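Engineer: For the protein sequence lines, the chains are A and B, in the order given.
Position one of the first sequence corresponds to residue 1 (my numbering), numbered consecutively onward.
Position one of the second sequence corresponds to residue 403 (my numbering), numbered consecutively onward.
The hints are simulated quantities; they were obtained by calculation from the structure and are not laboratory data.
None of the values given here were measured: they were computed from a predicted structure.
One should not assume that every hint holds.
[Unchecked claim] Here are the simulated lysine-lysine pairs, PhoX-like style, with alpha carbons at most 25 Å apart: (1) Lys293(A) / Lys314(A); (2) Lys517(B) / Lys195(A); (3) Lys513(B) / Lys8(A); (4) Lys457(B) / Lys202(A); (5) Lys195(A) / Lys513(B); (6) Lys513(B) / Lys202(A); (7) Lys632(B) / Lys195(A); (8) Lys627(B) / Lys202(A).
[As the list claims (entries may be wrong)] To be clear about the criterion: a stretch of chain A counts as covered by chain B if any three or more of its residues have a C-beta under 8 Å from a C-beta of chain B, and this derived list gives those stretches: (9) 55–62; (10) 134–145; (11) 208–219; (12) 254–266.
Ideal Cβ positions, reconstructed from N, Cα and C, are used throughout, including at glycine.
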Amino acid sequence: MPTATEVKKRTVRINGCVAAAQAAKYADVDVITAYPIRPYTATMMALAQMVANGELDAEYIVADSEHSQLSIAHGAASSGARVFTGSSGVGVQFAYELYSPISGSRMPVQMMIADRTLDPPGDFGSEHTDALSTRDMGWLMGWSCDAQEAFDNHLMAYRIGEDPRVLLPQMVCQDGFFVSHITSDVELPDSGQVKEFLPPYKHPYPLDPRHPVSHGPQIMPEQGPPLQLERARAMEDSMAVIEQVHDEFANIFGRRYDPWIEEFMTDGAEVVFFLQGAHAVTARFAIQHMRDKGLKVGLVRLRTIRPYPTDRVKEVLSKFKVVGVVETNMGLGSVSSGGVLYSEVCAALYESQQRPLVVSFMAGMGGEAIVMKEFYWMTQKMMEAQKQGKIEKRTHWVGFEE
Amino acid sequence: MPTIEVQRQVLPILGSPNQGARFFNPELPSSEPFVPGHRTCAGCGPSIQYRMTTKAAGDNTILVGPTGCMYVANSSYLCTPYNVPWAHTQIGSAGSFTAGVAAAYEAMIRKGKWKGAFPNIICEAGDGSASDIGLASISGALYRNHDCLIICYDNEQYANTGIQASSRTPYGGMTTFSPPGPKVPEAKTLFPKDLARMMAAGHPHCYVATASVGYPIDLMNKVRKGLNHKGAAYLMIYTPCQKGFVYETPRSIDLGRLVVECGLYPIWEWNPEKRAYDYSFRPQNMRPVSEYLKLQGRFGHLHAEHIAKLQNFANEQWRMMGVELPEALIHAADAKNLVNMAAAVEAETVAQTL
Chain A
1 MPTATEVKKR TVRINGCVAA AQAAKYADVD VITAYPIRPY TATMMALAQM VANGELDAEY
61 IVADSEHSQL SIAHGAASSG ARVFTGSSGV GVQFAYELYS PISGSRMPVQ MMIADRTLDP
121 PGDFGSEHTD ALSTRDMGWL MGWSCDAQEA FDNHLMAYRI GEDPRVLLPQ MVCQDGFFVS
181 HITSDVELPD SGQVKEFLPP YKHPYPLDPR HPVSHGPQIM PEQGPPLQLE RARAMEDSMA
241 VIEQVHDEFA NIFGRRYDPW IEEFMTDGAE VVFFLQGAHA VTARFAIQHM RDKGLKVGLV
301 RLRTIRPYPT DRVKEVLSKF KVVGVVETNM GLGSVSSGGV LYSEVCAALY ESQQRPLVVS
361 FMAGMGGEAI VMKEFYWMTQ KMMEAQKQGK IEKRTHWVGF EE
Chain B
403 MPTIEVQRQV LPILGSPNQG ARFFNPELPS SEPFVPGHRT CAGCGPSIQY RMTTKAAGDN
463 TILVGPTGCM YVANSSYLCT PYNVPWAHTQ IGSAGSFTAG VAAAYEAMIR KGKWKGAFPN
523 IICEAGDGSA SDIGLASISG ALYRNHDCLI ICYDNEQYAN TGIQASSRTP YGGMTTFSPP
583 GPKVPEAKTL FPKDLARMMA AGHPHCYVAT ASVGYPIDLM NKVRKGLNHK GAAYLMIYTP
643 CQKGFVYETP RSIDLGRLVV ECGLYPIWEW NPEKRAYDYS FRPQNMRPVS EYLKLQGRFG
703 HLHAEHIAKL QNFANEQWRM MGVELPEALI HAADAKNLVN MAAAVEAETV AQTL
């Protein structure tokens, strides 16, 4: 079996989980921590096999919980190792305590998330609530919509998070099953390309007996805010790095992504869907279908939610009359009493001179596919709002209304 | 892939007698990885232990500090007492963070990313972390056999949060979560979790031992044995807390010896090669538990029947170690032969006002 340091470019048919594992292999990670929960488990299964085959030289640790998984990752990254971990659903929540300490100590741990609904009711399907509930903990975060993009995002996330101007952990998210378990063609790069793109991990202040440092001492109340401010600034400063890394990625690998937003058939569109992740794939198909029937509908897909591209969201969405936010997450009792994306969109649009109407759709919940007739139904709601000049209500639970 | 063999440190075992030596010992290293400048209380048992442990370990060492006294009181910002790398971690992450450090060094040395002998990796967890919230994470680290030493500095309570009962708090121990009162005259009603034995029984491939700050050379040798053992090691160390136990500050080391002499803190080693306990450590004297209890305000409320219960507990510990019980200790396990603590009535009154 060839190691990642000696492979040639080739195209393979793999799912999102395996694509993430391949990215970790190319990144030559030192420490991997696993704990089983569906659906992300398949990533760790793939990595376990790579280690067993001798394709990847890494410590593979089966942790005793997700809390331990993240703590192990924290300890290993603090020592100077490149780390890979991951989880799904309630597993993401079990580790919650660690998200702030990891970003606060500025350790660029990478975590793969294959979304799963939270309990109840023990549904295996994809909802983004698991990862989104950690969105303000100082982790870089974004969704991929297919296996190739997942592979690419994992590699770019290491490069961005480990940049000395950033030093922040990364959650690289993909929808459970829609991305994690559906295979598609993925181009795996030449090892030389990765070597050129991703330098070895070097933290400026690791736990090294030759240069003793203390990490995370107890501090006085007035010493906290400067550290919080630094973490906030690192998040802001990461925006320029993210753009630069996406450029370099395009130059080396030939695939160019807008780091923040993908627009699909928005030319001449009056109403648009706004969403993250895998439902973009079905949305593109549905929009093509509706366009053929003359409906002026388009798609805006958010690729990175942390840091949140407020100005880009404002600039892009201000071009349209109505924005339909497809949530795929739960924000019980939130601003729209639907999902949490709505408030992120509305806040970005508040300063716009030309605010579109915004409506929130609870669709794709429980890991259900959003089907063609639902896209038509939602488009209909948006067009009615455009005609009326106001929305009927902030949130529609799609499939539960006439 | 080139693989570099990981070199391990071997620390010499101190030859001096261990029985409570209080004299200058020329074998002790001069290095002080734990220096003054922290804010622990006068007579703090855990920090005395910290100094002994790090002295035994030396400078090629990395410390992990889950939340607890040795995090809160030791590390004031820009003024930590650690001359070696130290990292705070969450109170429930004792074993897991430590495992991450150990795994990182295994991989980095093997892959040529860090050059040098494998560092001593020591976790200093309080008993709240070690016996309650971080128990699973420590069990995981021991089970997976990472090359590290996990220490439970056992002051028998959550101290930095203001003295609350942990599952290591002894029967009869007064804490703010286990106060005495008319309905519960003995204060804590449960006996402590037998933590170290649990670790030895569940992870028999590990070096596991108990120690006390009353016996410094024994403690330091156990630290070194644990570090020399390739794989995971576990020490549970008695470290009295002046604030929680309520005693005269100069008596920390005395308590460290009395607790052993009274049979309340058995000192032993688990030998992973022989898969057997070594009970050969013997204190100079054997005493009734009342001699230990009477020095501490936390036991001031106990009645004769409670003291008898504790004596019975101590006698069981002696029997477990195969020690023949003198008549006096059997006699002392009968409440009829005991009196209430002098301060019992006053203690109850004070407890009502807390």
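Engineer: Now tell me if each hint is right for this structure.
Structural biologist: Here is how each hint holds up against the structure:
1. Pair hint lysine 293(A) plus lysine 314(A) does not hold up; C-alpha atoms about 29 Å apart against a cutoff of 25 Å.
2. Of the supplied pair hints, the one linking lysine 517(B) and lysine 195(A) holds, its CA atoms being roughly 22 Å apart against a limit of 25 Å.
3. A threshold of 25 Å between alpha carbons decides the hint, and for lysine 513(B) with lysine 8(A) the separation of about 22 Å falls inside it, so the pair holds.
4. Distance hint between lysine 457(B) and lysine 202(A) is unfulfilled; the C-alpha atoms sit about 30 Å from each other, more than 25 Å.
5. Restraint check: the Cα-Cα separation between lysine 195(A) and lysine 513(B) comes to about 16 Å, which is no more than 25 Å; the hinted pair holds.
6. Restraint check: the Cα-Cα separation between lysine 513(B) and lysine 202(A) comes to about 14 Å, which is no more than 25 Å; the hinted pair holds.
7. Distance check on the hinted pair: lysine 632(B) and lysine 195(A) sit about 35 Å apart at the alpha-carbon level, beyond 25 Å; violated.
8. A distance of roughly 33 Å separates the Cα atoms of lysine 627(B) and lysine 202(A); the hinted pair therefore is violated under the 25 Å criterion.
9. Figure legend: the stretch 55–62 of chain A, annotated as covered by chain B; annotation consistent (5 residues with Cβ-Cβ distances under 8 Å, at least 3 required).
10. By the rule of at least three residues with a Cβ nearer than 8 Å to a Cβ of chain B, the coverage given for the stretch 134–145 of chain A is violated, with 0 such residues.
11. Counting residues of the stretch 208–219 of chain A whose beta carbon lies closer than 8 Å to any beta carbon of chain B gives 12, which reaches the threshold of three, so the coverage claim holds.
12. Counting residues of the stretch 254–266 of chain A whose C-beta lies closer than 8 Å to any C-beta of chain B gives 0; at least three are required, and the coverage claim is violated.
Hints 1, 4, 7, 8, 10, 12 from the list above are not met by this structure, while the remaining hints are.
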